[in-house]
Structure formats: structure tokens, C-alpha cells
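For the protein sequence lines, the chains are W and P, in the order given.
No gaps in the numbering here: position 278 of the first sequence is 278 in the working numbering, and each next residue is one more.
No gaps in the numbering here: position 234 of the second sequence is 234 in the working numbering, and each next residue is one more.
Hint data in this document are derived by calculation from the structure and do not stem from the laboratory.
Given the structure is predicted, the values throughout are model-derived calculations rather than measurements.
Here a beta-carbon is modelled for each residue, glycine too, at the ideal position from N, C-alpha and C.
Heads up, a few of these hints could be off.
[Claimed, not checked] 16 Å max Cα-Cα, derived EDC-like pairs, lysine to aspartate or glutamate: (1) W/K264 <-> W/D16; (2) W/K264 <-> W/E52; (3) W/K17 <-> P/E107; (4) P/K200 <-> P/E107; (5) P/K199 <-> P/E52; (6) W/K110 <-> W/E169; (7) W/K44 <-> W/D239; (8) W/K195 <-> P/E107; (9) P/K214 <-> W/D16; (10) P/K214 <-> P/E107; (11) W/K264 <-> W/D66; (12) W/K17 <-> P/D21.
[Unchecked claim] DEER-style ranges, computed between Cβ atoms: (13) W/K8 <-> P/D108: 15 to 23 Å; (14) W/L287 <-> P/E52: 18 to 26 Å; (15) W/E52 <-> P/E52: 42 to 50 Å; (16) W/F237 <-> P/V299: 51 to 59 Å.
Each chain is listed here by its residues.
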Amino acid sequence: MNSLYYQKKLSRNVGDKFFTSLSVFCALIAILPLIFVVTYILIKGGAQITPELFTLEPNPPGDDLDAGGINPALIGTLVITTIASIISIPVGVGGGIYLAEYSNGGPFSKFIRFGVNVLAGVPSIIAGVFIYALIVSTKILFGSMYSGLAGGMALSILMLPTVIKTTDEGLKLVPNELRYASLGIGASMYTTILKITLPTAFRSIATGVVLGIARAAGETAPLIFTALFSYYYIVGFEDLFYEMGSLAVLIYNFALEPYDAQNKLAWAASFILVISILTVNIFSRILAAFTEKTKRV
Amino acid sequence: MEEKLTLFKNRKRFGIEKNIDLIFKNTTLALSSLVAIVLFGIILVVFFQSFESFSRYGLNFLVTSEWNPVKDEYGAFTAIYGTLVTSLLSLLITIPLGVGTAIFITEDFVPKFVREIVGSFVELLAAIPSVVLGLWAIFVMEPFFREFFVFLHKFFGWIPLFSSEPAGRNSLLAIIILVVMLLPIVTSIARDSLNQVPKKLRNASYGIGASRWKTIFSVILPAALSGIMAGVLLALGRAMGETMAVTMIIGNSNAFSWSLLSPGYTISSMLANQFGEADGSQVSSLFYAAFVLMILSLVVNIFAQWLVKKFSLKY
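Pulled out of the complex, with its shape left as it was, chain W reads as follows:
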């Protein structure tokens, strides 16, 4: 009868205990990096946050102890991600509409879906290299070389696959009954898409796109030789055609400076970048969970 009870010393039970603790150990290690990174950024970056940080230009490294602010980089990040969004959102949503609504699983749509996945796997620095060859070195944009515009284009290449994928998947989730109903009351295909399916899928598409923008805002590699960096305020439209700073490149440049003042500025920029990206991520996560709950009801 004894054999019916749980026996601690049985080799299978010992082995199970061992592997369970191993798995718990893995999970503990896996959550450590986020905790450490975020804590250090909150402590080291949070200490640098002053009103002047948001209004001043950064001082060139070296000659004085005061590093200045990050205003041009902050505005630059906003400008460059806006350019990237203006390019990639219409293209991506349009392409996604074709894949989800018009294509019928033929070789062309298979090829494009494959291409989207491949493009998503292209290293981000290659996007920078490509834009450098296409735009920066040819001076095709009214003779300007390094520019915020070129940086935005490089980022848009990275955003494009994300936008297409979320649109494609969001539209596929829309039930076909809605399309039949629309057809039934005499709507044409484009009215159905613009008035029925796209609005229905809006929330999931918007969530994906916003996450894509947040991801692009932190990208550095495509910017370091397309947008380069600038110490000066962005004042007008024509600044788009000149070198433009961004938070990401500022962190890269100033982290490698030997001066303490610049390093501190890099921490402050990281603080702002990480807080905004994490806020967007957590918020969209909560929104997604909320949507799922309301759907079930």
C-alpha cells in the first residue's frame, strides 16, 4: 500500500524537484536585467532632471563642467519619428489592406508576406547604410547630405514591416459577417474597407503602430550616419535638411565621452527615452487586456 503515497526520495520526484527549481532559477535571472536597468536609469537619470534640461542646448564636451540641456535632441527625436511615421503608416496600412482584403492567398501575397518578414529581420544598421548610399552620399535631397529627413526615411524602413503586419493581422480578425452585411446594403469594396473593416480593426492596428513608433524612437544605428547629430536648436522647417540630433544618438555620443558632465546628460536622456517607451508599452498592454475582456462579454 505504501507505494500509493507520494515518495519524496523516488528518483523521478527528486529529478522533478531539481528541474522545477532550475526553471524558477531561469525565470529569476530573466527578470533581473529589466529590474537593474530600470532602477539605474531611474536613480542616475532621475537625479539629472531639471527644467533647464528641457530648454537648453547641449554644450560641446570638454571645455566646461556644465553640460547644458537636451532640447535639440528631444525635439529632433520627435521630428524624426514623425517623419518616419508619415512615410511608413500610409504605406504600411495600405499594403496591409491589400494583403488582408484583396489578396486571395496567391503567390504574390505569399511573396509579399515573406518579404515583410525578411525586411523585419534586416539589421537596423543596414537600413542606415542603404539610406546613406541612396540619399546622403548622392545629395539627392536638394544638395543636403546628412539630414533629419534622411534619418526619418531610414527609420521608416524599420517601421514598415511592423505597420504592415499589424494592419494585416488586425483586419484578418474582423469577422466576415460585417463584410457580408456591408455588401448586403449595397456598399462597394472600398467603402466597406474604409467605413466598416478599418474602423473595426482600428484599436488593434493603432496599438501595433504606436508600439512600432515607440520602438523606432529608441533606434540609434540607422541615425548615426544619416541624421548624424547637432548641438543646435531646431528653429524652422529648413532644419529638416541639416544634421539633426536625437536622444538616441545623444546617448551614444555622450556615453563614450570621457567627461562626467556629458555622461550625466546621457543618463538624463535615457531616463526620458525609457520612461516614455515603457509608458507607451505598459499602457498599450493594459488597453489590449481591457479590449480582450470587453470582447468576451
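Starting from the known structure of chain W, fit chain P onto it as the hints suggest.
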């Protein structure tokens, strides 16, 4: 999908409406084709820019490690070797860690909300920009590991991998920060594939008396293997192309060394370092290196996609 199209085709359309419909369809068609155009554009542009260097050095470029803009001699062996070694070694550490975490999240060792918190922590880690991880690596991680590296060299210095005096920035640090970056990818894909394994399989295994971990090792993991493999390959592609954090911590030295404790180079860090100031045939050589990196990551990515298609779960 097809049914919906034919339904709309049966509908009679007139004049302007028909035209608008067609214009709309063709616009979206053109926009989706842009993906292919951009992709081919990238491949062609990088290839043609590297042509000069390719015709001059040929495949020797891949096996020599001289990188001398003054003498106009270029070879990317150190960078290619660095790319492969850092990405493969970091993957080797990440796989058990990530799969272990994924098992923790999908099994019920602890209440659901704890698992959900662990899951979101790991996923949020993926949202931290690479350049921020690089900053953290320079100022927090490097001092933390300094003593450990000295110890490693002292006691394991006879192994070629640890044979040099630990440098402030070195390949091993790059590998560690890559593990941090790959962990979310491997974990989330492994978790998804584990979740897709049908409950029936687990119940059947428990029914014939297998213990929990016997079930995991003999039933669940084999069933999820293709998904996990694809995730691993995607992570490999990501590791090879990863630029910022690696560039900031690897030390950027073109001198070849077996030791992981000495500074190294990867293709992407070479590009990040030199592209801004390069001119003449150096630019073409950098494009050549970029082309090699692109081919490497394309092959890995396409193989991953093929794997997913070929072995996707058929339950």
C-alpha cells in the same frame, strides 16, 4: 478569404464607383509592392556599392584581417569572426535560460499572476532601446564584472578563450549584453510554441504515469521544438545585426585575438564606427562588410521562416 472576394465580384458596379474601387485596389497593391521594392533596393544598392571592393579583394576579404585605410588594404575577418562568435556564444547561453523561463511561464509552479508578471517583465525588456542597454553596460555592468573577469583569467587563463588580461571593454561583455537582448525574443517565442501544444498530449502523458518533467522533456518540448528553433534562429539574426550596445561595450579593435577578454569587433560595430568618417575605397569595403552581414542575416531569417512553414504544428 476567397469567398469574400467573389461575393463582392458578383455585385454590379457602375461608372465612377467602379473606377474608385479600382483605383483604391491598385493603390493598395502598389503600396504592398513597395515592401518588395525596398527589400530588393537594399540588396542591390549595398551590392553595387560594394562592387569596387569586391572586385579588388574578392573572397580574400573574408579571410584576411588587415584593415588599413592608409595602405588601402582591407579584410574583414576579425569583424566576421567577432560577429559569429559573439552571436553564437550569446545564443548558447540564452537558449537554456529562455526556454527555462518559458517553461516557468507556461507551467503552473506558481499562481498565474506571478507568471504573468514574469512574462511582461521579460517582454518589457525587449522595449528598452539598445543604446540605453549599452550605456548601462558601460557604467553598471562593466564594473560589476571586472573582478570576475580577473578571476576568470587567473584560474582559466590556460583556456585560449580567457588567455589575455581582461580589457575594460571586451567581447565577453558584448556577449553578456547580447544575452540580455536575446532573452525576450527566445522566451516569448518559446512560450508561444509551448502554449500551442494541445492539452491532450499532456493529459495522455500524465495518464500513462509520466511525471511532470518527463512529460515536458519527452512530449511537450519535442512538440514545440520547431517553434522554438525558429525563435532561436530569429534571435541569431537579431544578434548578428545588433549594433549599438555591442559597439559601445566590445572595445572596437581590429586586432584578432582568440581571447574573449580582449577587445573585439563585429561587422555592425565596424560600420557604426567607421561609416561616418570613411572615404575612398574604405567606403566600398564597408559596404562589402555590410553586404556580408546582410547575407548572413538574410540566410538565417529565410531559414527560420522555412522552418516554421515546414514543421509548424499539425495537431
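| query | Looking at the structure, which of the earlier hints fail to hold? | reply | 1, 5, 7, 8, 12, 14 and 16
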